[in-house]
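Chains as they are written, first to last, in numbering that gives the first Met the number 0: chain A, 0 to 88; chain B, 0 to 171; chain C, 0 to 123.
The set of hints was computed from the structure by calculation and includes no laboratory data.
Here a beta-carbon is modelled for each residue, glycine too, at the ideal position from N, C-alpha and C.
Take these hints with a grain of salt, some might be off.
[Stated by the list, open to error] A short, non-exhaustive set of chain C residues, derived as facing chain B with CB atoms under 10 Å:
id : residue
1  : Gly-25
2  : Arg-28
3  : Lys-41
4  : Gly-48
5  : Gln-57
6  : Val-58
7  : His-83
8  : Gly-93
9  : His-96
[To be verified] Here are the in silico distance ranges between beta carbons for each label pair:
id : chain 1 : residue 1 : chain 2 : residue 2 : range
10 : C       : Leu-69    : B       : Arg-107   : 30 to 36 Å
11 : C       : Ile-65    : B       : Phe-75    : 18 to 24 Å
12 : C       : Pro-98    : B       : Val-78    : 32 to 38 Å
13 : A       : Val-63    : B       : Met-17    : 22 to 28 Å
14 : A       : Tyr-67    : C       : Gln-57    : 34 to 40 Å
15 : B       : Asn-34    : A       : Tyr-67    : 19 to 25 Å
16 : B       : Pro-98    : A       : Ile-11    : 40 to 46 Å
17 : C       : Pro-59    : B       : Asp-137   : 46 to 52 Å
18 : B       : Val-78    : A       : Tyr-67    : 22 to 28 Å
19 : B       : Glu-159   : C       : Pro-59    : 37 to 43 Å
20 : C       : Gly-93    : A       : Met-0     : 53 to 59 Å
21 : C       : Leu-56    : A       : Ile-11    : 29 to 35 Å
22 : B       : Arg-107   : A       : Ile-11    : 34 to 40 Å
23 : C       : Val-68    : A       : Ala-30    : 30 to 36 Å
The primary structure of each chain is shown beneath.
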Amino acid sequence: MIVDFSMRAVIIGIVIIVFLSLYRIVLGPHATDRVVGTNVVMTNIVLAIILLAHIIGDYTYLDVAFVYVLSSFVGTICVMKGLGKGKLS
Amino acid sequence: MRQIEPINDSVGFWLVSMILLSFWFLMSPTFDVFNVTVGVACAVGITYYWRTDLFRLGYPVRFTLRQLILLIVYLFHLVYNVVTANIALAKIVLRRRMPISPGFILVRTKLTQGLTRVLYANSITLTPGTITINMDQDRLLVHAITEDAARDVAQWYMQEKLAEIEVSGSDR
Amino acid sequence: MTFLFDLIISFLLWAGLFFLFVGTIGLIRLPDLYTRMHATSKCDTLGTGLILLAVILQVPGYNEIIKLVLLGVFIWTINPVVAHIMGHTAYLRGEHHTPSTFFKDCYDTPYPGKEMSGKEDVHA
Numbered sequence: 000m001i002v003d004f005s006m007r008a009v010i011i012g013i014v015i016i017v018f019l020s021l022y023r024i025v026l027g028p029h030a031t032d033r034v035v036g037t038n039v040v041m042t043n044i045v046l047a048i049i050l051l052a053h054i055i056g057d058y059t060y061l062d063v064a065f066v067y068v069l070s071s072f073v074g075t076i077c078v079m080k081g082l083g084k085g086k087l088s
Numbered sequence: 000m001r002q003i004e005p006i007n008d009s010v011g012f013w014l015v016s017m018i019l020l021s022f023w024f025l026m027s028p029t030f031d032v033f034n035v036t037v038g039v040a041c042a043v044g045i046t047y048y049w050r051t052d053l054f055r056l057g058y059p060v061r062f063t064l065r066q067l068i069l070l071i072v073y074l075f076h077l078v079y080n081v082v083t084a085n086i087a088l089a090k091i092v093l094r095r096r097m098p099i100s101p102g103f104i105l106v107r108t109k110l111t112q113g114l115t116r117v118l119y120a121n122s123i124t125l126t127p128g129t130i131t132i133n134m135d136q137d138r139l140l141v142h143a144i145t146e147d148a149a150r151d152v153a154q155w156y157m158q159e160k161l162a163e164i165e166v167s168g169s170d171r
Numbered sequence: 000m001t002f003l004f005d006l007i008i009s010f011l012l013w014a015g016l017f018f019l020f021v022g023t024i025g026l027i028r029l030p031d032l033y034t035r036m037h038a039t040s041k042c043d044t045l046g047t048g049l050i051l052l053a054v055i056l057q058v059p060g061y062n063e064i065i066k067l068v069l070l071g072v073f074i075w076t077i078n079p080v081v082a083h084i085m086g087h088t089a090y091l092r093g094e095h096h097t098p099s100t101f102f103k104d105c106y107d108t109p110y111p112g113k114e115m116s117g118k119e120d121v122h123a
């Protein structure tokens, strides 16, 4: 009861956090600021996927979370490599 | 016809293959013949494909039991430090006038192996109000959010623990 | 007993949400790219850990527990690495930092290498 209410409320809070970080994504003065905001959105969406998988009761969505984490990591690294003029490290 | 090159670290080869195979079995739904065959083929093939990056001469992939226990103790210390750093950061952010004095500081580590250096850099990023910007050999460029954090990071006690992990596995 | 267990899980969930919220507030309020990265990398990591712990305490099987622990390990290693790469790229691009930023060098010997030296006089 109380746990169910808390999980649904936390999902709503995560959606609010995503909308708050859209502020930095849209209005960020530099390109790297936008990437920082995008990274926050990615982490929060992974949490939302996990909580939804627990509420629905179908744990195959955890594989979706795995794929989302790894692809977000690779995507961020690609964007940073492009911003850093082709060189990392 | 290319000839199969020999692997110079067979223990490390089978260790990495077993880790990949266990991840495959975690993801696969059943244990029939098809899944097991494809899993073994993928694990060994991927490890063989990355052999030049994983297994270099003089750096064998292995660890002792004492190193593993010390690493787990280190991780508990890391969790404690992460919690305290987060509470400190929340105090900074939620204050009305934020008391920040940011700056760059350049420190030197005494760790010698690559993996422990990476662990140390990641620990600095996670814990005491500092993030690692760049790392070159044994020099770390660190950004600190307050001046106290910059003073603390030069002699941080977690470095001694990592050095102890390094020393206890150096029978090679 | 189950009520106490539910209370603990709810506390973990709300604490995780609080830390995620603090990270986003820091992302909005702090004046500089590097300080923003402080907020996001630390607070997102701890908030993720707390919420994952709350889910781990109530899933039924071992398979799901192992998967959730692996997800936590991935996020706890990926977040500092991404912060490191973003800070390094911003440093190479010469992004804006707040004017009150200090530069300090812990040892005396100057060294070659353009990337590692600060923009202003580090050795002053």
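Evaluated hints:
1. Gly-25: Holds, about 4 Å.
2. Arg-28: 7 Å, holds
3. Lys-41: Constraint on Lys-41(C) satisfied, holds at 6 Å.
4. Gly-48: 8 Å, holds
5. Gln-57: For Gln-57(C), the interface hint is violated, since the closest Cβ of chain B sits about 20 Å away, which is over 10 Å.
6. Val-58: Violated. Min distance 14 Å.
7. His-83: 6 Å, holds
8. Gly-93: 13 Å, violated
9. His-96: Constraint on His-96(C) satisfied, holds at 7 Å.
10. Leu-69(C) with Arg-107(B): 30 to 36 Å: 34 Å, holds
11. Ile-65(C) with Phe-75(B): 18 to 24 Å: 20 Å, holds
12. Pro-98(C) with Val-78(B): 32 to 38 Å: 36 Å, holds
13. Val-63(A) with Met-17(B): 22 to 28 Å: For Met-17(B) against Val-63(A), whose Cβ atoms are near 26 Å apart, the range 22 to 28 Å holds.
14. Tyr-67(A) with Gln-57(C): 34 to 40 Å: Given range 34 to 40 Å: violated, Cβ gap about 22 Å.
15. Asn-34(B) with Tyr-67(A): 19 to 25 Å: For Tyr-67(A) against Asn-34(B), whose Cβ atoms are near 24 Å apart, the range 19 to 25 Å holds.
16. Pro-98(B) with Ile-11(A): 40 to 46 Å: 32 Å, violated
17. Pro-59(C) with Asp-137(B): 46 to 52 Å: 48 Å, holds
18. Val-78(B) with Tyr-67(A): 22 to 28 Å: Cβ of Val-78(B) to Cβ of Tyr-67(A): about 24 Å, so the range 22 to 28 Å holds.
19. Glu-159(B) with Pro-59(C): 37 to 43 Å: Since Glu-159(B) and Pro-59(C) have Cβ atoms about 42 Å apart, the given range 37 to 43 Å holds.
20. Gly-93(C) with Met-0(A): 53 to 59 Å: Holds - the Cβ-Cβ distance for Gly-93(C) and Met-0(A), about 55 Å, lies within 53 to 59 Å.
21. Leu-56(C) with Ile-11(A): 29 to 35 Å: 21 Å, violated
22. Arg-107(B) with Ile-11(A): 34 to 40 Å: 47 Å, violated
23. Val-68(C) with Ala-30(A): 30 to 36 Å: For Ala-30(A) against Val-68(C), whose Cβ atoms are near 35 Å apart, the range 30 to 36 Å holds.
The structure does not agree with the numbered hints 5, 6, 8, 14, 16, 21 and 22 stated previously, though it agrees with the rest.
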